[in-house]
Amino acid sequence: DAGVTQSPTHLIKTRGQQVTLRCSPKSGHDTVSWYQQALGQGPQFIFQYYEEEERQRGNFPDRFSGHQFPNYSSELNVNALLLGDSALYLCASSLGHPGAGNTIYFGEGSWLTVV
Amino acid sequence: AQSVTQLDSQVPVFEEAPVELRCNYSSSVSVYLFWYVQYPNQGLQLLLKYLSGSTLVKGINGFEAEFNKSQTSFHLRKPSVHISDTAEYFCAVSRGVEISSGSARQLTFGSGTQLTVLP
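Quick note, the sequences are listed as chains A and B, same order.
The numbering of the first sequence is the numbering used here, which starts it at 1 and goes up by one.
The numbering of the second sequence is the numbering used here, which starts it at 1 and goes up by one.
Read the hints as simulated data drawn from the structure, not as lab findings.
Any given hint could be a false lead.
As the list claims (entries may be wrong) - Only part of the chain A face toward chain B is listed, based on derived beta-carbon distances under 8 Å:
(1) Phe-45
(2) Gln-48
(3) Gln-56
(4) Phe-106
(5) Glu-108
The model shown is predicted, which means the values in this text are computed figures rather than measured ones.
Where is the CB? At the ideal position from N, CA and C, for every residue including glycine.
Bound-form chain A, shown alone (with noise of 0.2 Å):
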């Protein structure tokens, strides 16, 4: 049974320049959720796609948007760089219905060094 992945593994980007980052949920899992873990901090949560629309966002701007495909699978896409968006962006799977308990499963994550 494969669990989330995540691609790529590591990118660098320059600043002002737009990056896509795909991620695939546990098999089964129908909820995808995006968190930005910058170094040495804990992750925070940018935001959560359910039947192919965002049900809830963090504190992030508008530059950062996603996607969630039929299949459940992901993208998070941030706009117009900064050097502060380097960080470690990890994928989130789980179950989105009440009821189905509350596991959720990180990826491998992807990083981003933005020059």
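Chain A is fixed; fit chain B onto it per the hints.
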């Protein structure tokens, strides 16, 4: 909104000694509580979780945690640590009441505790 405080940023301990990593939370609603471990350059792995029922929760790798509602704490313990337990440990909380599909499962994390096990 929920918040999590991990009281110790770094905890050094000798091999085979016991360890406790402290976590306190605040929330106006019922919560679910989690401990995750992050090894260097890796993602997060779930150690254990508290959803309901017994307040003493056992997890993987010999770790356990106790939910204390009156003290709003969820401290992580292990009676005897190994070198391989060296890692960053994160306490996290999510809302325990699910209003509708997809609405309740965002995690709020603490800032982490670096556990270093010394030989």
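Quick rundown of the hints versus the structure:
1. Here the hint on A:Phe-45 is kept, as its CB sits about 5 Å from the closest CB of chain B, short of 8 Å.
2. A hinted interface residue such as A:Gln-48 counts as satisfied when its beta carbon comes closer than 8 Å to some beta carbon of chain B; here the least separation is about 6 Å, so the hint holds.
3. Using the Cβ-Cβ criterion of 8 Å, the hint placing A:Gln-56 at the interface with chain B is satisfied: the shortest such distance is roughly 5 Å.
4. Restraint check, A:Phe-106 versus chain B: the minimum CB separation of about 4 Å is within 8 Å; hint holds.
5. At a threshold of 8 Å, the smallest CB-CB gap from A:Glu-108 to chain B is about 4 Å, leaving the interface hint in force.
Of the numbered hints given earlier, the model fails none.
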